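Given chain W's structure and the hints, the job is docking chain Z onto it.
2 protein chains.
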Amino acid sequence: MILKDFSLSAVAAGIKYQDRLDLGLIYSRTPAVAAGVFTTNQVKAAPVHLSIDRLKQGRCQALLVNSGNANACTGKEGMEAALHTSRLVAEALRIPEEMVLVASTGVIGLPLNVAAFENNMDALVANLSDEHFNQVAEAILTTDTVPKTVARTVVIGGKEVNFMGMAKGSGMIMPNMATMLAYILTDAQISFPELKNALKSAVETTFNRITVDGDTSTNDMVLVMANGTAENSWIEDSQHPDYELFEDCLEEVCKELALKIVEDGEGATKRITIRVCGAKEDQDAEQMARTVANSNLVKAAFFGEDANWGRILGAMGRSGIRFNSEKVDIAFGDVVIVKNGIGKGQEAEKNASKILKNRHFTVCIDLQDGTGCEEVYTCDLSIDYVKINADYRS
Amino acid sequence: MILKDFSLSAVAAGIKYQDRLDLGLIYSRTPAVAAGVFTTNQVKAAPVHLSIDRLKQGRCQALLVNSGNANACTGKEGMEAALHTSRLVAEALRIPEEMVLVASTGVIGLPLNVAAFENNMDALVANLSDEHFNQVAEAILTTDTVPKTVARTVVIGGKEVNFMGMAKGSGMIMPNMATMLAYILTDAQISFPELKNALKSAVETTFNRITVDGDTSTNDMVLVMANGTAENSWIEDSQHPDYELFEDCLEEVCKELALKIVEDGEGATKRITIRVCGAKEDQDAEQMARTVANSNLVKAAFFGEDANWGRILGAMGRSGIRFNSEKVDIAFGDVVIVKNGIGKGQEAEKNASKILKNRHFTVCIDLQDGTGCEEVYTCDLSIDYVKINADYRS
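Residue numbers (this note's numbering), protein chains in the order written: chain W, 886 to 1279; chain Z, 886 to 1279.
One chain only, chain W, in its complex shape (with noise of 0.2 Å):
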């Protein structure tokens, strides 16, 4: 898929490790419409203060992306760092810095090193082409071990409007009320607030319910670009006909991307969704499946492959909703494994482990108290996670 106007570029620019592509640039010759939602962590990278300042206008036409160095918890240096980064890119492509914003993920707390960035600027804008959408999906990874990416149209108004969408994740992952680096480009002609607020609510039901470690980074950072180009009718307030159709597009996107996240988590073999249903409220679901999502107990069973239920009635009690243990049904994909509390034997248990073989499956919970219904998507805890961050930075 091509995007008009949009074109794309990375190199190999040295900033970690030699020969792999490490800095990417994303431009919309005609100014896009941005959004962007933001880690909520107190401690944000300088690159993450800078974007957030500059979507304030709701427009950028440039990103410039590195891997390898998060330029976080680098003080006043890394501050500048980011601001000559992106005054570099600005000088190469003649279009005002306010419009350009720069993002980096990586390793905390080292310079970032800006002589690499100077040094490979010419060739980044040399290599820009609306064929190299893959090239910065590639340059974004980390630890990483496949590059995310997805492509939808879906018809507004008459016209074709497409999305690409490019992620990377990992480990450090439990967005909140923000996420990973994610960039979404489209062609369709909308205004900030509408953008702001569609992409406000995707995040919300996808990466926001994504978690692989349960912590949560300094870099996160979702941007959403529209440059327009699609032409189709301009949807200006939320009550536009075509809204909705944008945003339910928009989801999609993000789910398929969060997704994408989990299942290549730090180690991860399988992707599991942990469904909570018959709560109070929506919200005692998602905490109770978020409590269940993040134990350690529970995430090592699944990469054992052992249906152990009681790790999972565990982290429920813990979780700080209140409920009666006597009225919880659960079962692994469509095998009850325990009904109101108790547990349906070797039998359930033997089916259940079947289940676990699979590379995705459900855990449903069901508390029998209400209607609140929530779902959150983890990864199983594998040896390879700790071996890879035991020995990141070696």
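Everything labelled a hint here was simulated from the structure, so no lab data went into it.
Being a predicted model, the structure only gives us computed values, none of them experimental.
Check before you lean on any hint, since a few could be wrong.
Unchecked claim - Chain Z residues, not near chain W, derived (Cβ > 12 Å throughout):
(1) Q903
(2) I980
(3) P981
(4) V992
(5) V1010
(6) P1078
(7) S1086
(8) S1118
(9) E1136
(10) C1162
(11) N1181
Unchecked claim - Mimicking DSS-like on lysine-lysine, the simulated pairs with C-alpha atoms at most 30 Å apart in a straight line are:
(12) K941/Z <-> K961/Z
(13) K1242/Z <-> K901/W
(14) K901/Z <-> K1272/Z
(15) K961/W <-> K1212/Z
(16) K901/Z <-> K1242/W
(17) K1085/W <-> K1044/W
(18) K1044/Z <-> K1224/W
(19) K1235/W <-> K1235/Z
(20) K1212/W <-> K961/Z
(21) K1235/W <-> K901/Z
(22) K1272/W <-> K1235/Z
(23) K1272/Z <-> K1242/W
(24) K1140/W <-> K1272/W
(25) K901/Z <-> K1212/W
(26) K1224/W <-> K1165/Z
(27) K1242/Z <-> K1272/W
(28) K1044/Z <-> K961/Z
(29) K901/Z <-> K1239/W
(30) K1272/Z <-> K1272/W
(31) K1085/W <-> K1272/W
Quick reminder that beta carbons are idealized off the backbone N, C-alpha and C, glycines included.
Below, chain Z without anything else, positioned relative to chain W:
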């Protein structure tokens, strides 16, 4: 050490595995004043419910404890099994049923094998001896690798008062107003309200400050039995001149047991103290220390002996406690690695890495924003933690 009128016994009853001690009995010929603290997990095992109820009278004479099966999530049958086993003890020892407490630890959700208790009760009682303290300390273990015991003597009002404690821990350890199995025997003379208060305050700064994996068990229980045979002057109100001395000694015993639990956490290779100082309030310091102590990324870096302070700042930033990241100092042992939010560079990291090679060390976080200060004790996240918990039931 021998405590007058206390006798103990353990046998291999084959509750889960053959040929290992798994059924223990603690008996005080003199009825003891007793106080307990129990799990705050909403899902409580049957023996926990029964023991909470019986301890309301502030006295007990015997405790029956098994490993291999938690008797949790076992419904009405589980409670009947707990009652039945306590009756077996009462009959064998010819004491009132209400003076018998029961405790279980092990797999959640399996029916308790009551026959194993029936078949072994005579042998268990016949084996009672004041020299068998270590037998019971061994019988309560699950994935623990070593028994955890402590002994202390303190002179109170001219009389030698003795304490003996045992504990088991390992996984599902983040006691929240309660803890794992720990039993403390003393010959002190003390009244129930004072014993209860002393235990509560000792647990708060010891067992409640440890974490292995952030999971709270369904079966946590700390019990102290004081049979008064030391004949110290009765500590019968909290203004008694000896109360504070008793409380301090009890706290020391609890702390030593708690640290032993962390050191023997599932797969643990190190014990780490996370100290947060300079917070606005003590409880802010505690909450932040707990968040850092539970971060998988921080704990995996400890396992890898990597002084990855960026992950510590990342965890601090999602702790919910407000702070100014530009005022944060972080030290590993006596090596300052972050000053005013910025890394001190490679030399400091090299020195910090040496500290990380130790079996025990302290990470000190100074927020420079007040006098609030608290410590939490944690262990590293190792490959063996995942191995143990992927395979636990097989």
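We went through each hint and held it up to the structure:
1. No beta-carbon of chain W comes within 12 Å of the beta-carbon of Q903/Z; the shortest separation is about 20 Å.
2. No Cβ of chain W comes within 12 Å of the Cβ of I980/Z; the nearest lies about 32 Å off, and the non-interface call holds.
3. Interface exclusion of P981/Z from chain W stands, the closest Cβ pair being 30 Å apart, more than 12 Å.
4. With a cut of 12 Å on Cβ distances, V992/Z falls inside the contact zone with chain W, its closest approach being about 7 Å.
5. Every CB of chain W is more than 12 Å from the CB of V1010/Z (nearest about 31 Å), matching its label as outside the interface.
6. Every Cβ of chain W is farther than 12 Å from the Cβ of P1078/Z; the closest lies at roughly 29 Å, confirming the non-interface assignment.
7. For S1086/Z, the non-interface assignment is confirmed: its Cβ lies about 23 Å from the closest Cβ of chain W, beyond the 12 Å cut-off.
8. The beta carbon of S1118/Z sits about 42 Å from the closest Cβ of chain W, which is more than 12 Å, so the claim that it is off the interface holds.
9. Under the 12 Å C-beta cut-off, the non-interface status given to E1136/Z relative to chain W holds; the minimum distance is some 25 Å.
10. Here C1162/Z stays apart from chain W, with its beta-carbon at least about 18 Å from theirs, past the 12 Å limit.
11. Not every CB of chain W lies more than 12 Å from the CB of N1181/Z, the least distance being 4 Å, so the non-interface label is violated.
12. Under the criterion of a C-alpha separation no larger than 30 Å, the hint pairing K941/Z with K961/Z is consistent with the structure, at around 22 Å.
13. This hinted pair checks out: K1242/Z and K901/W have alpha carbons roughly 26 Å apart, not beyond 30 Å.
14. For a cut-off of 30 Å, the pair hint linking K901/Z to K1272/Z stands: about 20 Å separates their Cα positions.
15. Taken as a hint, the K961/W and K1212/Z pair is honoured in the structure, with Cα atoms around 13 Å apart against an allowance of 30 Å.
16. The suggested pairing of K901/Z with K1242/W holds, with an alpha-carbon distance near 26 Å, which does not exceed 30 Å.
17. Of the pairs offered as hints, the one joining K1085/W and K1044/W holds, with about 24 Å between alpha carbons and a cut-off of 30 Å not exceeded.
18. For the hint linking K1044/Z to K1224/W, the alpha-carbon distance of about 56 Å lies beyond 30 Å, and the restraint is violated.
19. As the CA atoms of K1235/W and K1235/Z are separated by approximately 50 Å, the hinted pair breaks the 30 Å bound.
20. Taken as a hint, the K1212/W and K961/Z pair is honoured in the structure, with Cα atoms around 13 Å apart against an allowance of 30 Å.
21. Restraint check for K1235/W and K901/Z: satisfied, since their Cα atoms lie roughly 19 Å apart, inside the 30 Å limit.
22. A threshold of 30 Å between alpha carbons decides the hint, and for K1272/W with K1235/Z the separation of about 21 Å falls inside it, so the pair holds.
23. The hinted pair formed by K1272/Z and K1242/W meets the criterion: a straight-line CA distance of about 17 Å does not exceed 30 Å.
24. Taking the CA atoms of K1140/W and K1272/W, the gap is near 28 Å; set against the 30 Å cutoff, the hint holds.
25. Restraint check: the Cα-Cα separation between K901/Z and K1212/W comes to about 28 Å, which is no more than 30 Å; the hinted pair holds.
26. Restraint check: the Cα-Cα separation between K1224/W and K1165/Z comes to about 47 Å, which exceeds 30 Å; the hinted pair is violated.
27. Restraint check: the Cα-Cα separation between K1242/Z and K1272/W comes to about 17 Å, which is no more than 30 Å; the hinted pair holds.
28. This hinted pair does not check out: K1044/Z and K961/Z have alpha carbons roughly 47 Å apart, beyond 30 Å.
29. This hinted pair checks out: K901/Z and K1239/W have alpha carbons roughly 24 Å apart, not beyond 30 Å.
30. For the hint linking K1272/Z to K1272/W, the alpha-carbon distance of about 12 Å falls within 30 Å, and the restraint holds.
31. This hinted pair does not check out: K1085/W and K1272/W have alpha carbons roughly 35 Å apart, beyond 30 Å.
When each numbered hint is compared with the structure, violations occur for hints 4, 11, 18, 19, 26, 28 and 31.
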